[in-house]
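Number of protein chains: 2
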Amino acid sequence: MTETLERLVAHHANTLDAAIDAVETRKNWSPFRDSPSSKFHDPGKPEAGKAAFEALLGKSFDLDQPGIVGWLGCEVSPFTRQPLGIIYPASDPEALIEAAQAAIPAWRKTASEARIALCLEMAERIYDRNFEMAHGVMHVAGQSYTQAFSGSGPNALDRGIEALAYAAKAMRDVSTSARWERTFGKEDVVLEKQYTLVPRGVGLVICCASFPTWNAYPAMFASLATGNPVIVKPHPIAILPMAIAVQECRRVLADFGCDPNLVTLAVDAIEAPIAQRFIAHPAVQIVDFTGSPRYGGHLESTVTGKLLFTETAGINSVVIESCVDLVETARAIARATCLFSAQMCTSPQNIYVPKNGIVTSSGHVPFEDVTLALVDAVNAIADNPAMAAGIMGAVQAEASCDIMWRLEQEAEVHPAAQVLRRPVPYIHPDFPGARTMTPLIVVLPAGNEELYAQEHFGPVMFIIVSENGNEAVDEVTRLVREHGAISSYLYSTDEDFIEGSLDSYAEVGANLSINLHGAMWANFAAAYSDYHVTGLNPAGNACLADLAFVANRFRIVQHRRPAARKGIACAA
Amino acid sequence: MTETLERLVAHHANTLDAAIDAVETRKNWSPFRDSPSSKFHDPGKPEAGKAAFEALLGKSFDLDQPGIVGWLGCEVSPFTRQPLGIIYPASDPEALIEAAQAAIPAWRKTASEARIALCLEMAERIYDRNFEMAHGVMHVAGQSYTQAFSGSGPNALDRGIEALAYAAKAMRDVSTSARWERTFGKEDVVLEKQYTLVPRGVGLVICCASFPTWNAYPAMFASLATGNPVIVKPHPIAILPMAIAVQECRRVLADFGCDPNLVTLAVDAIEAPIAQRFIAHPAVQIVDFTGSPRYGGHLESTVTGKLLFTETAGINSVVIESCVDLVETARAIARATCLFSAQMCTSPQNIYVPKNGIVTSSGHVPFEDVTLALVDAVNAIADNPAMAAGIMGAVQAEASCDIMWRLEQEAEVHPAAQVLRRPVPYIHPDFPGARTMTPLIVVLPAGNEELYAQEHFGPVMFIIVSENGNEAVDEVTRLVREHGAISSYLYSTDEDFIEGSLDSYAEVGANLSINLHGAMWANFAAAYSDYHVTGLNPAGNACLADLAFVANRFRIVQHRRPAARKGIACAA
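In order, the protein sequences belong to chains A and B.
Numbers given in my numbering equal positions in the first sequence, counted from 1, plus 1395.
Numbers given in my numbering equal positions in the second sequence, counted from 1, plus 1395.
Hints were generated in silico from the structure; no laboratory data involved.
A few of these clues could be false.
Any copy, or any two copies together, can satisfy a pair, since identical chains are not distinguished.
[Said to hold, decoys possible] With a straight-line cut-off of 30 Å between C-alpha atoms, the simulated DSS-like cross-links for lysine-lysine are:
no., residue 1, residue 2
1, Lys1422, Lys1434
2, Lys1434, Lys1581
3, Lys1445, Lys1434
4, Lys1701, Lys1504
5, Lys1504, Lys1445
6, Lys1750, Lys1581
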């Protein structure tokens, strides 16, 4: 290891140690601040970040990659509805793969601890550009500024570091050498053995449009730390955040004498997708995918002979069996549904309420009053433009609005459904032209699965009339098994009911939040502590992150020889 | 955990601790004795084992499984060429899968430490029947008695325990609970989180014919320890060893109040294979395969949405660049090729010798003398029936003899090849009718890959004339990349040459033994110390065992809730 790299390893050692401690104890920890508040950041940083973002607009993005054959970019801000005008270098896939392959030999021999330190340095530098990144995420994905700052910034970087902690653990678990002694007959055999970590090959990281950085960092860092170069393929309508990240990773690599082509960006246009060209290439040995269940499912049923990690989507449900304070509970659910206009993998969609109502600390509440409380809680956000702007942000794609309008029409003519709240836009105080949408709320009896038994990507809340809590849990967990879920929610004051439900959720791989409300978003997922995605249902085949997310990204190759008298190589 | 299981965990705790220490230090260790010598075993044990084996002959095997629809068995001893006459219950695949699924809920809730202890108990009990097992392996696979006793006994069981050590490490890495505290705004949020290990589903273990137990134990124990039931599908011509193992596993499970259907046997006939029925079933989520590259490759290119672990085969090569003592080196290579008539996944087949000969401590040796030394070393074994019997054992399948005769004919008419030694049988001293075969030795120049660039399953040694050591390494590692290899061998006294070769081997995932000779077989693989198979070339996609072999066999599901005032469940 060079002295420079040794210093870098030392510089980041405490962070890595703390991250490893955090994933083992699952306690709260982060090296970053996830609030944009000026209390936590140097003066001028917010303004400088905004200026840096604005300086990118209308220009070609500075990324000196191999094999550039053109420039493209068609991002449109969901807030201004104006094109960002940024164009990115489009490289020939073959050239990116060749460059990545060429970088492998030296990267493989870079000590694993140095590779991890380089990734930590990348995380730190990306964090340093987080105000710029926040504007970037905001104007491609539609996230509110504060959410873009936290959720797509430190919260996502933390998940990358979480993956590094596991990579460190998995690689440290392999002894670098051993002395092996055994007597065979009358002969003492002494062997020295060396164990070498060998990467699999080129990693491809396919990012989604609404939350591009979230799963990208864990995938990138997991592959890089274990010796594999990565090619990052952002969604064609949300390139900028990953372009910034790739740019910074390449700078770090170059600064420390490593090949920047260990991290490259593969951009494409919606009408000419290129992911499959990478996936089909024999050099690409690892595929990390975040995106639609349709394409994710296609990969899951066609990719063989390579590692494939997917996070797609499912149907997230809330079961309200009973609760202490209905207003608080309804507020927690409304906030989770409203957050980023339900464009999150953890957004709840289906709310099950018993037909006879629920028990609360202030007595029995009939079904209708529960639905009213939910509608009121949504209105409290939707009718307050400043609050709506902070929570809902914008809707990334016109398609999501179309889905909501179509659903509203379907519900209007459905014999059993009733529209309780129409999906209308709110007027964003800063961006009056923003594409916004407040939740559609539909009430309907269980059994009408043609309406609610799929993920509708956008702000919709189905309030489903269930017989009782147990039947709701039965249906919810069946739907998880069939369609997947990332996050499930349960409200109950009946400990026996909760206890009796846990198994059903566990069996189908449904991560469950119970009785959450208050200041923390019910659908907040904490890196180092919350295992994100179980891999047990159709919402994804992997967990980001656990040991299994990293342990197979490298392999172990050994050589052994008689230990005695090196130089006179025949011994034993 | 029941008191009985607690005692079992305590009983095996030291073994597990020692196994974990062994996989971490990679040092030599085993809880077993792998020699049948009477020094190490209770008086009467060898005789009792033989009697137990003989008592099985000509009878129906005692295995009370679900869904028995018939009885079958067609095993023929390669030593006596007589049918064993044992018939095994053939169960309806659907019934085995249903029974396995029914066993999951209770097994999932059995503490992971108890599941591991139960597997250790199975290993101990199988070891206790090792004399019986040795005769069983001998008379279905053709292994010599001593090899069957060691290689298919303790050496294989050790690999199962090695997998248990990794399963313990991977599962212990997951905290069972956490207290998570963070301030959001002015609110202190305290959550308690529970993390539950959930198995994937039914595991299928497909065993090979020549070394049935070798990969079966690691696969079975890795799946069982992590909560998955296993269905063991032996090769139709080598059922008995796995029937004994399954019988013993089921007894252990029943003895400790667990469902014996966690381990079942799926037998089939060559003319009516059933593996695919299991593989296609959605409940089967894990497939461990050992066998032919043809079927293994088919699985690797068709199985999606399930975990697949394969070990198939490759072309194992020896490069002789130079050596200290040619007689010793030739002897080591001859022994490795002769062991079990080269029917092992680690058997060397292709021996590269520089055309100008090699340097030894006693001076330069021309090419022809190197080949002579190899032929002499093989003859020293083949011409001594007692030694041949102990080393070569029998040839399991007539097909292997056919391959050798066909190869001999091809070599005879090949313009560049020369047959140095004909593949003739040796007369086994105890079993004069045994199907035996001593190695065919063919010398030919590099480039004639139509003859040697594939695995010929049986005793053949190609001595390949290479330009020099470097060109030999280039060709060998290219063939590893294209066709796979489990074990590679290198002989050299030139440290620069060795050092310069290591990378080439590592890059293609070729585990390398350098300058091995003496009492230890050069192709001996030590559990806990030697990583078996790298997963980086076509000889298999997994390592048995490492963390990656176990870490994905279970998943993690969590639930979280406010920590304060349990019973008044709304907090924070």
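- prompt: Should Lys1422 paired with Lys1434 be assigned to within, between, both, or neither, using CA atoms and 30 Å as the limit?
  reply: within (24 Å within a copy, 54 Å between copies)
task: Could you place Lys1701 and Lys1504 in one of the four classes (within, between, both, neither) given a Cα distance threshold of 30 Å?
output: Within. Shortest intra-copy distance 23 Å satisfies the 30 Å Cα cut-off; inter-copy 32 Å does not.
query: For Lys1434 vs Lys1581, is the C-alpha pair at or below 30 Å within one copy, between two copies, both, or neither?
result: between (74 Å within a copy, 15 Å between copies)
- request: Classify it for me, Lys1504 with Lys1445: is the Cα-Cα distance of at most 30 Å met within a copy, between copies, both or neither?
  value: For Lys1504 and Lys1445, the Cα distance exceeds 30 Å both inside one copy (39 Å) and across copies (53 Å).
- prompt: With identical chains treated as interchangeable, where does the CA-CA distance between Lys1750 and Lys1581 reach 30 Å or less: within a copy, between copies, both, or neither?
  reply: For Lys1750 and Lys1581, neither the intra-copy (81 Å) nor the inter-copy (37 Å) Cα distance is at most 30 Å.
- prompt: From the Cα coordinates, with 30 Å as the cut-off, is the pair Lys1445 and Lys1434 best called within, between, both, or neither?
  reply: Intra 18 Å, inter 80 Å, cutoff 30 Å: intra-copy only.
Hint violations for this structure: numbers 5, 6, all remaining hints satisfied.
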